[in-house]
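Chemist: Each chain, letter by letter, is given below.
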Amino acid sequence: MSALRYTRTALWLHWLMALLLLVLFAVGLYMVDLPLSPQKLKIYSWHKWAGVTAFLLVLLRLAWRIGHPAPALPPAMPAWQKSAAHGMHHLLYLLMIAIPLSGWLMSSAKGFQTVYFGVLPLPDLVSKNKEIGETLGEVHEILANGLALLVAAHIAAALKHHFLDRDDVLSRMLPFLARQR
Amino acid sequence: MRLLNKLTHGAVWLTFWAVVFLSPANAAEFGTLQADKSSLTFVSKQMGVPMDGRFRKFSANIVFDTAKPTTASARFELDLASVDAGSSEADSEVIGKPWFNVKSFPTATFVSSAVRPLGGDRFELSGKLTIKGKTQDLVAPFTFRQENNSGVFAGSFVIKRLDFAVGDGIWSDVATVANEVQIKFHLVATATRK
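Chains as they are written, first to last, in numbering that gives the first Met the number 0: chain A, 0 to 180; chain B, 0 to 193.
Just so you know, the hints here were simulated from the structure itself, not pulled from any lab data. All figures in this text were calculated on a predicted structure; none of them were measured in a lab. Just so you know, even glycine gets a beta-carbon here, dropped at the ideal spot from N, CA and C. Any given hint could be a false lead.
Dumping the calculated BS3-like pairs for lysine-lysine here, alpha-carbon to alpha-carbon at most 25 angstroms [said to hold, decoys possible]: (1) LYS96/B to LYS39/A; (2) LYS159/B to LYS41/A; (3) LYS56/B to LYS129/A; (4) LYS109/A to LYS183/B; (5) LYS133/B to LYS102/B.
Cβ pair distances, simulated, as ranges [said to hold, decoys possible]: (6) HIS67/A to GLU179/B: 42 to 52 angstroms; (7) SER36/A to LYS102/B: 35 to 45 angstroms; (8) ALA25/A to LYS96/B: 47 to 57 angstroms; (9) PRO105/B to PRO122/A: 30 to 40 angstroms; (10) ASP167/B to HIS88/A: 46 to 56 angstroms.
Short derived list, chain B residues pointing at chain A, Cβ under 8 angstroms [as the list claims (entries may be wrong)]: (11) LEU32; (12) ASP35; (13) MET46; (14) VAL48; (15) GLY85; (16) SER86; (17) GLU88; (18) ASP172.
All chains, please: the whole structure from these sequences, using the hints.
Modeler: Laid out in structure tokens, this is it:
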């Protein structure tokens, strides 16, 4: 089967997560340097709750993706580009899982349990430990910066396909851009 | 004759054990706090998440006679700057002006006024708690148990931080940091007199 676009569900999950991750990244950058205040505690809690949501969404997305393969890449694409594209998508998924996990573990190690929307406590998988907490904090930051770079490359590649190669790679995820054939 | 002998023998032993068990000599008075075995911890809620904290430095004068618990008295002094609020950022925050303001109010004190037996090993302590210059009546249940030469007093109670103006200004929003703070004490005192 060579569908020309992703399923509607895949489209929704992709763009919802794109928005969520953008907000999470921006809020994360902003909140770390705030002086301690009730506002800071609230922002941290919302960042954690949104992060848990992103984690759940990526699992849902992976499950959907396994059941619904991506539409084929353009036949004209060189093999190395296809490999690079596959590698890139694996990395994106890996980071989308690793980043919320590192945040969750960091919270536990720093002694701030994550309670989803203030209602559902997530288990502390590591016990409180200052050094581990700080290390996980750095890991979380490095991975998030890494994802930001990958996303930039991902967007650049999509735009390159659309405007330079003039193929339907981008329109698979944005069907309204599909060219008339 | 034999029967009388037996009865006398029995009576002597009964008296002996009665003396051993019932004499005030078996009651003990506890007073000297063993700081290394005692703890004073608290749980506050931040955005609905319980956070553990503790105080590293406190002293107590306890007089607790197991034979006369109602005459017991206690006086606590707590060094507020010795707080461990869970992170260095939180520690430096809570000693500051909106919270404990340790520069002006370095110590919190509790002075007991009465101890009431609740039956068994349970008691109720009443008194006045002063934090940040504000005094409130406090009633806290506790248990007492004797371990070798030590007496262990354990209990917990809940105070409202805003009753003591702890965390005022922007922090008075109790949706972020709850008003209720649970305080748990585990105090080990050695016998002062037997």
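Chemist: Evaluate each hint against the coordinates.
Modeler: We went through each hint and held it up to the structure:
1. LYS96/B to LYS39/A: This hinted pair holds, its Cα atoms lying about 18 angstroms apart.
2. LYS159/B to LYS41/A: holds (21 angstroms)
3. LYS56/B to LYS129/A: Distance ~22 angstroms between LYS56/B and LYS129/A Cα, so the pair holds.
4. LYS109/A to LYS183/B: Satisfied, since the Cα-Cα distance of roughly 22 angstroms is no more than 25 angstroms.
5. LYS133/B to LYS102/B: holds (15 angstroms)
6. HIS67/A to GLU179/B: 42 to 52 angstroms: Cβ of HIS67/A to Cβ of GLU179/B: about 50 angstroms, so the range 42 to 52 angstroms holds.
7. SER36/A to LYS102/B: 35 to 45 angstroms: violated (21 angstroms)
8. ALA25/A to LYS96/B: 47 to 57 angstroms: violated (32 angstroms)
9. PRO105/B to PRO122/A: 30 to 40 angstroms: holds (39 angstroms)
10. ASP167/B to HIS88/A: 46 to 56 angstroms: Because 52 angstroms falls inside the window, the suggested range holds.
11. LEU32: This interface hint is violated because 27 angstroms lies over the 8 angstroms limit.
12. ASP35: violated (22 angstroms)
13. MET46: This interface hint holds because 4 angstroms falls under the 8 angstroms limit.
14. VAL48: holds (5 angstroms)
15. GLY85: Holds - the Cβ of GLY85/B comes within 8 angstroms of chain A, reaching about 5 angstroms at its closest.
16. SER86: holds (7 angstroms)
17. GLU88: holds (6 angstroms)
18. ASP172: holds (5 angstroms)
Of the numbered hints stated above, those contradicted by the structure are hints 7, 8, 11, 12, listed in ascending order.
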